[in-house]
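Chemist: Listed in order, the protein sequences are those of chains A and B. Be aware that the first sequence starts at 1, since it is given in this note's numbering, and climbs by one per residue. Be aware that the second sequence starts at 1001, since it is given in this note's numbering, and climbs by one per residue.
Derived from the structure by calculation, the hints contain no laboratory data. There's no promise every hint is true.
[Said to hold, decoys possible] If we take Cβ atoms under 10 Å as the criterion, some of the chain B residues that face chain A in the derived model are:
1) ARG1070
2) THR1082
3) ILE1088
4) MET1100
5) GLY1101
6) THR1104
7) ALA1145
8) MET1151
Model, not experiment: these values are computed from the prediction. Cβ atoms here follow ideal geometry from the backbone N, Cα and C, with glycine treated the same way.
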Amino acid sequence: MSAITHPLRSLQIPERWNAAPKWVRIGTIVLALALAFYLPFLNILPFAYVRTDLSPHGSDWASVLFLVVVYMIAAAGLNVVIGLAGLLDLGYVGFYALGAYSVALFGSPSSPVTEWIAQRFGLSEGWAVPFAACIPIALAFTMIAGVILGAPTLRLRGDYLAIVTMGFGEIIRIIAKNADPITNGAAGITNVPVPPGPEIDGRSFFNTSDAERWYWLALVMLILLIWLTRRLEHSRVGRAWLAIREDEDAAAIMGVPAFKYKLWAFAIGAALGAIAGLLFGSKQQYVEPGGFHLQLSFLFVAMVVIGGSGNLFGALLGAFLITYLPERFREFQEWRPFAFGVALVVVMVMRPQGLWPSRRRAREFADRRHEAQEAAVDV
Amino acid sequence: MLLQLEDAVLTYGKIEALHGISIEVDEGEVVALIGANGAGKTSTMRALSGIRGLASGKIVFNGEDVTRLRADQRMRRGLVLTPEGRGIFPGMTVTENLDMGAYTRKDRAAIAQDLERAFGLFPRLQERRKQVAGTLSGGEQQMLAIGRALMSRPKLLMLDEPSMGLAPMIIQQIFQIISEIAQQGTTILVVEQNAKQALSRADRAYVLETGNIVKAGTGAALLDDPSIREAYLGVA
Chain A
1 MSAITHPLRS
11 LQIPERWNAA
21 PKWVRIGTIV
31 LALALAFYLP
41 FLNILPFAYV
51 RTDLSPHGSD
61 WASVLFLVVV
71 YMIAAAGLNV
81 VIGLAGLLDL
91 GYVGFYALGA
101 YSVALFGSPS
111 SPVTEWIAQR
121 FGLSEGWAVP
131 FAACIPIALA
141 FTMIAGVILG
151 APTLRLRGDY
161 LAIVTMGFGE
171 IIRIIAKNAD
181 PITNGAAGIT
191 NVPVPPGPEI
201 DGRSFFNTSD
211 AERWYWLALV
221 MLILLIWLTR
231 RLEHSRVGRA
241 WLAIREDEDA
251 AAIMGVPAFK
261 YKLWAFAIGA
271 ALGAIAGLLF
281 GSKQQYVEPG
291 GFHLQLSFLF
301 VAMVVIGGSG
311 NLFGALLGAF
321 LITYLPERFR
331 EFQEWRPFAF
341 GVALVVVMVM
351 RPQGLWPSRR
361 RAREFADRRH
371 EAQEAAVDV
Chain B
1001 MLLQLEDAVL
1011 TYGKIEALHG
1021 ISIEVDEGEV
1031 VALIGANGAG
1041 KTSTMRALSG
1051 IRGLASGKIV
1061 FNGEDVTRLR
1071 ADQRMRRGLV
1081 LTPEGRGIFP
1091 GMTVTENLDM
1101 GAYTRKDRAA
1111 IAQDLERAFG
1121 LFPRLQERRK
1131 QVAGTLSGGE
1141 QQMLAIGRAL
1151 MSRPKLLMLD
1161 EPSMGLAPMI
1171 IQQIFQIISE
1181 IAQQGTTILV
1191 VEQNAKQALS
1201 RADRAYVLET
1211 GNIVKAGTGA
1221 ALLDDPSIRE
1231 AYLGVA
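Please work from the sequences and hints to get the whole structure.
Modeler: As structure tokens, then:
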């Protein structure tokens, strides 16, 4: 693997990027963004081969792009928890589900919750919380859930935390499946609201067939969240996370209230997961518990870890690869889990720090390996 | 008294590591705590710094009962530990590590001054200020840990085995710097296996054996104590 990465490193991309004049950097970013927004209409050969709808069984290209971006948002959130604060959360799908369910339960006129509220307060039939108001509700719900999950469990370390969070993810799904009077159980909730927008040809702007509009919406969200998490990473909070991740006791000794900051990492990660889930549920206009299996949690973790935990762009790369590749190669459907497993093993053996790790994370890995070698010599 | 540890009992599960020890440190003193491997030295430090809670007993620091406070709260009150071994942040650079020492402070000008002071004490760190801490030598890491603790302007600096795993020449150097720090007015509690160095530089010392304080006295007196000489200094 190092034979592959060395030529890459000799290009000195980070160094050149930092040395480039400001207008080059801004120009590159603008071009990349323009390309990202143009992607759904990409139809120029040979580039069009990246599309997923070339074969008759292919998936809708814009919908795939939308899902990629939604998962990127989730990966960015999980990167805060795993990559920055160093907490292994295997129940991240729980937050994703909570985000989707919040918008469904409060925004859909046919959900038991809105029906109950309408009845209780004598509101008109078909009343529901408007989409825009569902966003703060979803954020509040998941952040509270993050704190409720974190408060007792963040005192645990490593593997114990992983197992407890995994349980949390399952609890959310099982409640959604069995609490029929609230969530409609396995039948799910229909009529999940979509964002407001001008009507075009008698259909709402965000509808089930024009997926590229959803993709653009998600992309705007993603860019906003990238900016936010970057700011967070380089703030005092980010420094505290870094210290906790590297050595929790040492961080506490230096005056970092570790528990408080870990809780923050959980809550912020949860909020990002909620936004991803909310977008997903809203586009589907239908939410059901079957969409939030534990497997998705593992997939989210795989995105962050394969991509390179600690580096936001690594996590985004991971999310892209893990979402896009299986869609692109749908023809090889039956081989996908196999290929995924092999790829996972290969990456973890050859490049445990991930494909595009943060430099700091790579150093920490090197340090740990060094320590292990020293320990081995001592024995 | 700056620090009083009273009847401290510390347990790991069913095993009792400290059987009710009492230690006092007065302002301006250098106090040493010596003992063999497994005597409970590091446990005492963990209890004092708040990394590990006491099963019973009391810790009073600067007139305040801090027994129930978390490590970060005690640190904010000036009770600062330099942990045993590699207690630095390996992925951060030397300067970033030192900056972490000043995490709780907001007075930027004074922080910059203290950074200069730390570099003055440890010129080696200044040479390597951009180097990643995990790649430093053992002695340099120990210097970094001490420098980082100083960045918080501690009232009481607790050093856990500063000589661990270091070459004799480096040990000498580290202890010289510790004396220098003490002369500049910082109270120090140092835990050591290297009894000779610790006793010769301490005003007072305690001897810890299997979780009990078995002897206490001035550093000089303990250095002359025949039983100490036999047990810890390797001279009959």
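Chemist: Give a verdict on every hint.
Modeler: Hints, verified against the model:
no.	hint	verdict
1	ARG1070	7 Å, holds
2	THR1082	8 Å, holds
3	ILE1088	7 Å, holds
4	MET1100	5 Å, holds
5	GLY1101	6 Å, holds
6	THR1104	4 Å, holds
7	ALA1145	9 Å, holds
8	MET1151	9 Å, holds
Comparing the model with each earlier hint shows no violations; every hint is respected.
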